[in-house]
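Protein chains in written order, with our numbering: chain A, 1 to 108; chain X, 109 to 220.
What the hints contain is simulated information worked out from the structure, not anything from laboratory work. Each residue gets a CB set at the ideal place from its N, CA and C atoms; glycine is no exception. Take these hints with a grain of salt, some might be off.
[Said to hold, decoys possible] Taking lysine-lysine and the DSS-like style, the derived pairs with C-alpha atoms no more than 30 Å apart in a straight line are: (1) Lys26(A) with Lys70(A); (2) Lys178(X) with Lys70(A); (3) Lys26(A) with Lys69(A); (4) Lys26(A) with Lys95(A); (5) Lys179(X) with Lys203(X); (6) Lys117(X) with Lys203(X); (7) Lys26(A) with Lys117(X); (8) Lys203(X) with Lys56(A); (9) Lys178(X) with Lys203(X); (10) Lys56(A) with Lys117(X); (11) Lys95(A) with Lys122(X); (12) Lys179(X) with Lys26(A); (13) Lys117(X) with Lys95(A).
[To be verified] Quick list of the computed label-pair ranges, beta carbon to beta carbon: (14) Ser12(A) with Arg216(X): 22 to 30 Å; (15) Asn136(X) with Leu61(A): 24 to 32 Å; (16) Ser12(A) with Gly124(X): 38 to 46 Å; (17) Gly171(X) with Ala78(A): 33 to 41 Å; (18) Asn136(X) with Ser28(A): 29 to 37 Å; (19) Ala82(A) with Arg216(X): 17 to 25 Å; (20) Glu160(X) with Arg80(A): 23 to 31 Å; (21) Arg205(X) with Asn52(A): 12 to 20 Å; (22) Ser58(A) with Arg205(X): 19 to 27 Å; (23) Arg216(X) with Arg80(A): 22 to 30 Å.
[Stated by the list, open to error] Examples of chain A residues toward chain X, derived with CB under 10 Å: (24) Ala10; (25) Ile13; (26) Gly16; (27) Lys95; (28) Gly101.
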Amino acid sequence: SQQGEEDPQALSIQEGENATMNCSYKTSINNLQWYRQNSGRGLVHLILIRSNEREKHSGRLRVTLDTSKKSSSLLITASRAADTASYFCATAGEKLTFGTGTRLTIIP
Amino acid sequence: NAGVTQTPKFRVLKTGQSMTLLCAQDMNHEYMYWYRQDPGMGLRLIHYSVGEGTTAKGEVPDGYNVSRLKKQNFLLGLESAAPSQTSVYFCASSKIRQETQYFGPGTRLLVL
């Protein structure tokens with residue numbers, strides 16, 4: 001069964017705009033991770049946020065975690081064409097469970 | 109460092125044939141995983157290993173077997189392939205369980 005569910009399923013924005021993706025989950029977690037997958041490639045780890053953290057930054061990425069609402073968001077600022085990819089959240093509870101992903105398209 | 113590598117990249121099988129997918133990592137990670145990725149289903153864990161000589165079942169283990177004879181290698185076997193096993197298979201490894209996983213490039217399998 002899926003733990004994390006991303007929203008929206010697909011998102012298209014103009015280059016330079018910010019992109020926000022959300023992840024909701026159902027049970028308690030130890031950490032939550034975000035991964036990127038370019039078409040036809042393996043997943044690449046972007047950022048890990050622990051259950052006792054509320055916000056984390058990495059370059060143009062900002063991740064928030066609200067354990068009371070069981071949700072997380074991934075913000076990509078100043079998007080680039082190279083950001084076009086699918087983005088997955090993975091929740092670490094008893095096991096690490098991946099969501100079905102958000103497909104992000106950056107329009108040049 | 110090559111990271112995580114997978115062979116083969118692509119394979120076509122007929123129903124009933126067998127094959128082995130090989131995963132290798134050079135990061136000295138204890139944990140290794142096999143996933144399958146199907147459209148709309150996300151990644152689903154098939155089997156995993158917490159160290160050399162150990163294996164455990166994941167979410168969708170039926171029809172697959174695994175072995176971890178060496179720490180750096182994790183093999184996934186299909187004894188009698190079925191069309192339902194058509195998928196993209198990913199291997200991953202991690203230093204700490206349930207933390208950052210490093211993925212291979214994937215193996216695309218088509219079962220006719």
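Evaluation of the provided hints:
The straight-line distance between the Cα atoms of Lys26(A) and Lys70(A) is roughly 7 Å, inside the 30 Å bound, and the hint therefore holds. For the hint pairing Lys178(X) with Lys70(A), the CA-to-CA distance comes to about 39 Å; that exceeds 30 Å, so the pair is violated. Distance check on the hinted pair: Lys26(A) and Lys69(A) sit about 9 Å apart at the alpha-carbon level, within 30 Å; holds. This hinted pair checks out: Lys26(A) and Lys95(A) have alpha carbons roughly 13 Å apart, not beyond 30 Å.
The suggested pairing of Lys179(X) with Lys203(X) holds, with an alpha-carbon distance near 12 Å, which does not exceed 30 Å. Between the alpha carbons of Lys117(X) and Lys203(X) the distance comes to roughly 25 Å, so the proposed pair stays at or under 30 Å and holds. For the proposed pair Lys26(A) and Lys117(X), the alpha carbon gap of about 35 Å is over 30 Å, so the pair is violated. Distance restraint check for Lys203(X) and Lys56(A): the Cα-Cα separation of roughly 21 Å lies within the 30 Å cut-off, and the hinted pair is therefore satisfied.
The hinted pair formed by Lys178(X) and Lys203(X) meets the criterion: a straight-line CA distance of about 16 Å does not exceed 30 Å. Distance hint between Lys56(A) and Lys117(X) is unfulfilled; the C-alpha atoms sit about 35 Å from each other, more than 30 Å. With a CA separation close to 33 Å, the supplied pair Lys95(A) and Lys122(X) exceeds the 30 Å bound. Proposed proximity of Lys179(X) and Lys26(A) is contradicted: the alpha carbons are some 34 Å apart, above 30 Å.
The suggested pairing of Lys117(X) with Lys95(A) holds, with an alpha-carbon distance near 27 Å, which does not exceed 30 Å. A hinted range of 22 to 30 Å holds for the C-beta pair Ser12(A) and Arg216(X), which are about 26 Å apart. Roughly 28 Å separates the CB atoms of Asn136(X) and Leu61(A), a value that falls within the hinted 24 to 32 Å. A beta carbon spacing of about 43 Å between Ser12(A) and Gly124(X) agrees with the range 38 to 46 Å that was offered as a hint.
With their beta carbons about 45 Å apart, Gly171(X) and Ala78(A) fall outside the hinted range of 33 to 41 Å. Checked against the given bound of 29 to 37 Å, the beta carbons of Asn136(X) and Ser28(A), roughly 31 Å apart, stay inside it. Range check, Ala82(A) to Arg216(X): about 23 Å between beta-carbon atoms, so the 17 to 25 Å window is met. The hint said 23 to 31 Å for the Cβ distance between Glu160(X) and Arg80(A), and at roughly 41 Å that hint is violated.
Our hint of 12 to 20 Å for Arg205(X) and Asn52(A) holds, since their Cβ atoms are close to 19 Å apart. The beta-carbon spacing between Ser58(A) and Arg205(X), approximately 22 Å, falls within the hinted interval of 19 to 27 Å. Taking 22 to 30 Å as the suggested C-beta distance range, the pair Arg216(X) and Arg80(A) conforms, at roughly 28 Å. Hint status for Ala10(A) relative to chain X: violated, with the closest Cβ pair at about 12 Å, above 10 Å.
Nearest Cβ of chain X to the Cβ of Ile13(A): about 23 Å, over the 10 Å cut. The hint is violated. At its closest, the beta carbon of Gly16(A) sits 29 Å from a beta carbon of chain X; the interface hint therefore is violated under the 10 Å criterion. Because the beta carbon of Lys95(A) sits about 7 Å from the nearest beta carbon in chain X, less than 10 Å, this interface hint is met. Using the Cβ-Cβ criterion of 10 Å, the hint placing Gly101(A) at the interface with chain X is satisfied: the shortest such distance is roughly 6 Å.
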